[in-house]
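There are 2 protein chains.
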Amino acid sequence: MSDMKEYQKVSEEQHKKVQVNPYGPNPSDYLSNVRSFQLIESTLREGEQFANAFFTTEKKIEIAKALDDFGVDYIELTSPVASEQSRADCEAICKLGLKAKILTHIRCHMDDARVAVETGVDGVDVVIGTSQFLRQFSHGKDMSYITKSAIEVIEFVKSKGIEIRFSSEDSFRSDIVDLLNIYKTVDKIGVNRVGIADTVGCANPRQVYELVKTLKSVVSCDIECHFHNDTGCAIANSYTALEAGAKLIDVSVLGLGERNGITPLGGLMARMIAADREYVLSKYKLHKLRDLENLVADAVQVNIPFNNPITGFCAFTHKAGIHAKAILANPSTYEILSPADFGLTRYIHFANRLTGWNAIKSRVEQLNLNLTDDQVKEVTNKIKKLGDIRPLNIDDVDSIIKDYHADVSTPRMGATEGPAIVDEDQASLDNVKRPRLN
Amino acid sequence: MSDMKEYQKVSEEQHKKVQVNPYGPNPSDYLSNVRSFQLIESTLREGEQFANAFFTTEKKIEIAKALDDFGVDYIELTSPVASEQSRADCEAICKLGLKAKILTHIRCHMDDARVAVETGVDGVDVVIGTSQFLRQFSHGKDMSYITKSAIEVIEFVKSKGIEIRFSSEDSFRSDIVDLLNIYKTVDKIGVNRVGIADTVGCANPRQVYELVKTLKSVVSCDIECHFHNDTGCAIANSYTALEAGAKLIDVSVLGLGERNGITPLGGLMARMIAADREYVLSKYKLHKLRDLENLVADAVQVNIPFNNPITGFCAFTHKAGIHAKAILANPSTYEILSPADFGLTRYIHFANRLTGWNAIKSRVEQLNLNLTDDQVKEVTNKIKKLGDIRPLNIDDVDSIIKDYHADVSTPRMGATEGPAIVDEDQASLDNVKRPRLN
Chain A
1 MSDMKEYQKV SEEQHKKVQV NPYGPNPSDY LSNVRSFQLI ESTLREGEQF
51 ANAFFTTEKK IEIAKALDDF GVDYIELTSP VASEQSRADC EAICKLGLKA
101 KILTHIRCHM DDARVAVETG VDGVDVVIGT SQFLRQFSHG KDMSYITKSA
151 IEVIEFVKSK GIEIRFSSED SFRSDIVDLL NIYKTVDKIG VNRVGIADTV
201 GCANPRQVYE LVKTLKSVVS CDIECHFHND TGCAIANSYT ALEAGAKLID
251 VSVLGLGERN GITPLGGLMA RMIAADREYV LSKYKLHKLR DLENLVADAV
301 QVNIPFNNPI TGFCAFTHKA GIHAKAILAN PSTYEILSPA DFGLTRYIHF
351 ANRLTGWNAI KSRVEQLNLN LTDDQVKEVT NKIKKLGDIR PLNIDDVDSI
401 IKDYHADVST PRMGATEGPA IVDEDQASLD NVKRPRLN
Chain X
1 MSDMKEYQKV SEEQHKKVQV NPYGPNPSDY LSNVRSFQLI ESTLREGEQF
51 ANAFFTTEKK IEIAKALDDF GVDYIELTSP VASEQSRADC EAICKLGLKA
101 KILTHIRCHM DDARVAVETG VDGVDVVIGT SQFLRQFSHG KDMSYITKSA
151 IEVIEFVKSK GIEIRFSSED SFRSDIVDLL NIYKTVDKIG VNRVGIADTV
201 GCANPRQVYE LVKTLKSVVS CDIECHFHND TGCAIANSYT ALEAGAKLID
251 VSVLGLGERN GITPLGGLMA RMIAADREYV LSKYKLHKLR DLENLVADAV
301 QVNIPFNNPI TGFCAFTHKA GIHAKAILAN PSTYEILSPA DFGLTRYIHF
351 ANRLTGWNAI KSRVEQLNLN LTDDQVKEVT NKIKKLGDIR PLNIDDVDSI
401 IKDYHADVST PRMGATEGPA IVDEDQASLD NVKRPRLN
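Chains A and X supply the protein sequences, listed in that same order.
The numbering of the first sequence is full-length UniProt numbering, which starts it at 1 and goes up by one.
The numbering of the second sequence is full-length UniProt numbering, which starts it at 1 and goes up by one.
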């Protein structure tokens with residue numbers, strides 16, 4: 001048995017060496033771009049298709065600057081042929097001199113392309129529906145027509161010296177042979193990227209992995225992916241696409257887009273930082289995420305969802321006694337994401353009937369009181385009893401603790417540091433607004 | 001070339017036969033439970049660990065009944081040792097005579113087990129931390145101690161004739177050899193289910209697939225999975241786990257749970273109905289989803305997130321002209337999920353600058369007016385021009401159309417049916433509340 005233990009110990013150490021982060025890139029994915037991905041930020045294109053969105057020119061410029069400051073690689077804008085103002089706004093943003101490259105998104109048509117290349121963009125994203133559904137009910141064209149149009153538009157845009165992406169629409173319901181044929185063709189004539197789009201938001205991760213991996217074997221250019229979130233898989237599909245060799249992911253702030261939207265910028269940051277913290281921190285100003293989300297949420301008049309990754313009001317709140325105990329000992333036990341990376345703070349919720357004596361003990365210390373463990377356990381039981389009757393607030397808990405403490409001890413000198421437990425009111429202010437809390 | 005076309009046509013027909021639904025189960029997953037999954041609904045356990053949650057006995061009973069009516073297979077309750085009221089509530093819910101089996105969730109300890117089996121539950125879910133982190137910072141036990149406790153608790157619960165599940169906690173950071181050893185042991189002594197838990201919410205789909213598939217080769221009992229949503233992958237991980245052979249998924253209404261929660265019931269329904277509509281509709285009353293979510297959201301004082309799958313206010317709203325056109329011709333072009341399955345309606349957003357003439361044409365018909373296509377295109381341009389200046393509402397669009405129409409035509413007889421475009425005000429009422437819309 002002691003041999004076995006010795007073996008296990010050695011084995012564990014070897015294991016740690018091989019894979020320090022179990023959520024890091026899979027070492028067998030040699031084409032993976034999990035550590036070298038780029039973002040195409042589409043709040044000002046896909047996001048404008050969100051039901052509530054109406055961005056003025058000033059608001060578009062404010063958002064574009066904030067995205068640029070955050071560090072996104074590309075900013076995608078609504079087609080200049082959508083309306084006269086769309087065209088003027090596109091030209092205005094191109095003149096801002098941002099670090100991010102500016103793209104606009106057009107139909108695969110020379111009429112659109114001619115307008116797009118004159119706006120001053122760094123690149124054009126071309127899209128056309130290749131599924132049976134879109135060929136029948138949208139544009140009514142067959143694959144040979146689509147291919148011919150694609151070649152004409154691509155060669156025209158390239159002749160202007162700017163980047164060009166060719167994407168299919170509704171890729172997962174398109175015939176795989178049609179898809180690979182057209183991607184191979186456009187790759188040969190020199191597109192910068194080909195795009196896969198889950199336009200209806202129903203693809204699943206393994207399906208994404210297979211299609212991207214197959215496409216990767218056919219083209220030499222970069223692969224970009226666009227995932228809608230109708231079935232809640234947009235973030236996971238994005239991650240899996242990167243594992244399979246895709247390089248660029250389309251995102252928008254809070255995922256704003258048609259229907260319930262696309263891969264959200266913040267959620268993808270959570271996913272990617274769990275895989276490669278160093279790369280993400282080197283490229284993106286994560287501490288500006290909350291302000292960026294608030295800016296866009298205000299512009300389209302929505303609230304940050306209560307359960308939003310990272311910035312949802314409870315994303316770093318720990319409640320059950322068993323969780324609170326371990327978090328106090330070592331935050332990594334229940335937290336891979338560090339709230340400090342995003343300029344946020346952790347919150348241990350101890351004023352409730354699920355609380356444990358470790359959380360109460362920590363509160364006792366914060367209050368600069370002195371109780372033995374047995375005393376803390378006794379006062380915890382009193383708190384749980386009141387918590388059974390009604391919702392508790394911090395004052396309830398503090399007064400129970402103080403009453404109990406009154407006779408048994410004297411205050412210690414010097415307040416202890418209390419980063420693990422913050423005052424509830426302070427958490428509300430410091431963190432993010434709690435929805436509908438009175 | 002015509003041979004090629006002929007070949008493609010035949011090939012397309014064959015393709016349709018082989019796989020009617022491209023989002024259906026992968027035919028090569030012979031262990032997949034995508035078509036035979038079960039739900040363990042944990043709003044009254046994991047959901048009670050949500051920061052805002054305080055459920056009275058009456059509210060717990062109301063929620064339990066609603067979940068049972070919806071059709072969930074299991075309802076999981078907070079441990080009866082958490083507080084005296086938790087125990088009383090557990091007993092009360094067991095006495096309701098629901099169709100769903102009632103479970104309670106306890107630590108792997110005889111003290112907890114003895115209380116749990118006396119409450120009247122149909123089964124006990126046992127959990128213990130097996131990761132280095134939890135072994136070091138939570139309970140401080142080694143694997144041989146964990147195994148010994150597990151065997152004692154399992155044999156005790158089995159002796160009472162009720163179901164028993166054994167789950168590790170933080171499974172993806174646990175040593176794979178430790179995990180497989182203990183699962184194999186508990187499977188041999190006859191647990192009903194073993195559980196995998198992504199307690200920190202950082203697992204990714206391919207990682208999940210590998211672990212579940214490996215575990216499936218080691219145990220003969222059912223596999224249950226529990227995914228936190230910190231990195232936005234809980235729904236995708238659940239789906240992938242089912243593909244790999246897991247049978248049961250832990251969910252809660254709106255995903256309520258520790259931090260930003262777990263796999264949401266509604267989001268998983270969206271995912272599963274895209275894969276197998278028939279199975280989902282045969283088991284679950286989807287048209288009650290909205291009421292169920294509203295009940296729980298009110299109880300914990302949060303708003304339904306604007307981008308929630310299915311019940312988010314914009315989940316079935318289509319805006320861009322190119323989308324609206326195709327949706328009007330055939331909803332399946334941009335929609336796999338049918339709003340009618342959930343008792344909801346589709347909404348084509350036509351009062352904005354991204355609108356297209358097909359959407360306006362449909363509105364013209366709804367208004368019982370008669371314009372030629374060229375006239376519709378002309379009036380569409382007028383609408384887009386105003387849409388460039390400020391946000392539009394339905395009245396704006398209607399008055400532009402009516403002004404334009406005044407001299408050129410006369411009203412047709414008989415109103416056309418208008419299921420595709422509904423009045424915006426009506427959509428607000430019929431669908432779900434729009435956050436912060438004035």
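Read the hints as simulated data drawn from the structure, not as lab findings.
The reader is advised that the hints may include incorrect statements.
[What the hints assert, rightly or not] Stretches of chain X that chain A covers, calculated by requiring three or more beta carbons in the stretch to come under 8 Å of a beta carbon on chain A:
hint: 1; stretch: 322 to 332
hint: 2; stretch: 360 to 373
[Claimed, not checked] The list that follows gives simulated cross-link-like pairs (lysine to any residue, SDA-like), each with its CA atoms no further than 25 Å apart:
hint: 3; chain 1: A; residue 1: K141; chain 2: X; residue 2: G356
hint: 4; chain 1: A; residue 1: K382; chain 2: X; residue 2: V81
hint: 5; chain 1: X; residue 1: K213; chain 2: A; residue 2: L31
hint: 6; chain 1: A; residue 1: K213; chain 2: X; residue 2: K213
Cβ atoms here follow ideal geometry from the backbone N, Cα and C, with glycine treated the same way.
> Of the hints given before, which are not true for this structure?
Replying inline: 2
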